[in-house]
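There are 2 protein chains.
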Amino acid sequence: MSELIEKAKKAKTAAAVLAKASTEQKNKALSAISEQLIKEQTFILEENLKDLQAGKENGMSESLLDRLKLNVQRIQDMADALILLTELEDPIGQLVEEWERPNGLKIAQVRVPLGVIGMIYEARPNVTVDASSLCLKTGNAVLLRGSSTAIHSNKAIVKVIQHALKGSNLPIEAVQLLEDTRRETASEMFKLNEYLDVLIPRGGAKLIQTVVQNSTVPVLETGAGNCHVFIDETANPNMAIEIAINAKTQRPSVCNAIENVLVQKDWASNHLGELLSALQEKDVQIHGDEKVQQTGKDIIPACTEDWGTEFLGLEIAVKVVENVGEAIAHINQYGTKHSEAIISESVENVERFFTEVDAAAVYHNASTRFTDGFEFGFGAEIGISTQKLHARGPMGLPALTSTKYTIRGNGQIR
Amino acid sequence: MSELIEKAKKAKTAAAVLAKASTEQKNKALSAISEQLIKEQTFILEENLKDLQAGKENGMSESLLDRLKLNVQRIQDMADALILLTELEDPIGQLVEEWERPNGLKIAQVRVPLGVIGMIYEARPNVTVDASSLCLKTGNAVLLRGSSTAIHSNKAIVKVIQHALKGSNLPIEAVQLLEDTRRETASEMFKLNEYLDVLIPRGGAKLIQTVVQNSTVPVLETGAGNCHVFIDETANPNMAIEIAINAKTQRPSVCNAIENVLVQKDWASNHLGELLSALQEKDVQIHGDEKVQQTGKDIIPACTEDWGTEFLGLEIAVKVVENVGEAIAHINQYGTKHSEAIISESVENVERFFTEVDAAAVYHNASTRFTDGFEFGFGAEIGISTQKLHARGPMGLPALTSTKYTIRGNGQIR
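Protein sequence lines, in the order shown, are assigned to chains A and H.
Residue numbering for the first sequence follows my numbering, beginning at 1 and increasing consecutively.
Residue numbering for the second sequence follows my numbering, beginning at 1 and increasing consecutively.
If you are wondering where the hints come from, they were derived from the structure by calculation, not from laboratory data.
Hints are supplied without guarantee of correctness; some may be wrong.
One copy or two, it doesn't matter: identical chains are merged, so the pair holds either way.
To be verified - Each computed SDA-like pair below joins lysine to any residue, with the alpha-carbon atoms no more than 20 Å apart:
# : residue 1 : residue 2
1 : 191       : 213
2 : 297       : 308
3 : 69        : 254
4 : 206       : 193
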């Protein structure tokens, strides 16, 4: 039996035990993992060093090495996050709804775990802890498939987690790592409907698309963000510029940062120059349409492709539009249904924008950077869903659950 | 441009209009369709006759011909169902939750349509009306892909629907039929993520699996039902037998009918003979394990395959088990996570069964035949989901919706 099948089977058995685990048991396990991570941090850092050295030898980029790197502070952050997780409400067993039918049947809908979750991710060892703990809290078993470039770190972390699980009377197979990181094995995972209930890819757009395009196991998709700020004719200029700058520059590499500003033409006549200068002061390179090129200096002429590009850096595309209608049409054509903002003092424009823009989150007079499980107050985040089924937008713990109907009768037949 | 792409594009445009349609507008359209179906029933029946004749010439089975057949009563039933649908609450625009963050951001989660739904189904023209009306009520545009064997009926029905839509000021492209029924075109639909938000297959297990296995568009899966009744040692014999008979024979061809009875050995010692005779009196053919073969007459020896078979007819597999634990393990191994019942007077056994059986619906002392949107009181049913994401169990109107977060601020940045 391959490692994948063997571990998948064990995960399924573990999932049945986890589904019955009490909140107290699960929280105890999370605390134990937190403690164990700190206790064994030297071991984890040593193993992480092996990955870092191999990465350097293989010419891994600085930014990838930084993602791969663990240190005392990062391990402390993971340990702290585990304690915060114990304080969150356990969604499992929650009553969603209950009612009685005229024939006397008592129907209840209760939250249950999904079962076994396959997590496919790139070279960030912190995802190993993050994914394991979120799955554990929600009573799911997890089968982790990380990058080969982080294999020593991941093996070390999972060893530490399993060590803690052993002490907490929960099956150690609740958290398992696939040590076989061949591509073919990942492909096998995509089709393992018999044992896996859900796949969650975490990483770049390419990884996610590979999983979405090839999986028959249902996928929790976290997508790309080609987000916009639209400034309408009534927008407060200072607020508009401040929000655009924040949404672009506060952390340009993340999916809820904006890639485009659309400016209504009358507002543009008065304030476009100011907006462009403000962006350029923050070292943002601007791709602009003709009007933008006429107004600003050093503007790169925007090509059609620019409207659909997720720059993920200090680059932005700026376009002048006629009105809110054109802005909405543009966003619905080029956006990725993630986060879209309108800066406006017009109730009418805001309502139209909120109704007609097809996105997980629509903002009025606020930065798109708030699309985040913690900023929303969920206390945890699995990712940000840009799909429409199951969960849309920032996903908290309930996104890792399903429901079950329980029906109590006294002999009812049809 | 192919018919598929052309209609998919139009559907996307129509979906944007439908998303804004008021409940009143949508209900008016549903009433208009109801009326139009009756008005043009002669035309529909004439076209249906063409399909029936072609079916007969091609040697279609009696049961398939019956599914294909329309008559005055069936058209009246469709028309009545449309009126009932107007009386149901409109989920679109409903506030799921709202809260305010410490920074003053006001977050609301509201129900929105999914967008464009691709419906792939077999030779039941009533699905054409059913699917169109459920999508319309929930503000979704639908692209219908029915069977070539029902093409005349479907074309006629969609013509009538579009006629009614025209009069109600909603885009006629809200409901479109693909007239190209080639297999390659359906396969193209599976990958049409650009225009389709969801695919819903309706029909046999084979059709559903083809869609699930080959689609990159998210699928709302309605699955097969290999359902069980487990009779434990405390079960009331009359109730147990009555429920088993009802769950098997009241309508054997549907997914919530049972295919298996598991009997605890002590109960079996006293009542198995009675159960077997009662089933045989209803012309049910019994596949049984050794104990069952010893107890009853004319029992077909059960092979391993029988435990996983959806007979969908007057056939059943019966097994004697040690206890509730063995019953649960058997169900979790062979079941399809649909509907599972325990007949028992033991609170402990019931709780264990409810917690440990992995199914969309678990029953205590009631027939599995109640797993149904109407029996649950939803007033409508899209199908019964056996998947764990998005919706599980009978799906009412909310299953055809997604949500959107609206965030209102006054200049908040991070």
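Going down the list of hints, with the structure as the test:
Proximity of residue 191 and residue 213 under a CA criterion of 20 Å is satisfied in both settings, with 11 Å inside one chain copy and 9 Å between copies. Taking the shortest alpha-carbon separations for residue 297 and residue 308, neither the intra-copy value of 23 Å nor the inter-copy value of 71 Å comes in at or below 20 Å. Taking the shortest Cα distances, residue 69 and residue 254 sit within 20 Å of each other inside one copy (19 Å), while across copies they are farther apart (56 Å). With identical chains, the CA atoms of residue 206 and residue 193 are at most 20 Å apart between copies only, with a shortest distance of 16 Å across copies and 22 Å within one.
When held up to the earlier numbered hints, the structure conflicts with hint 2 and nothing else.
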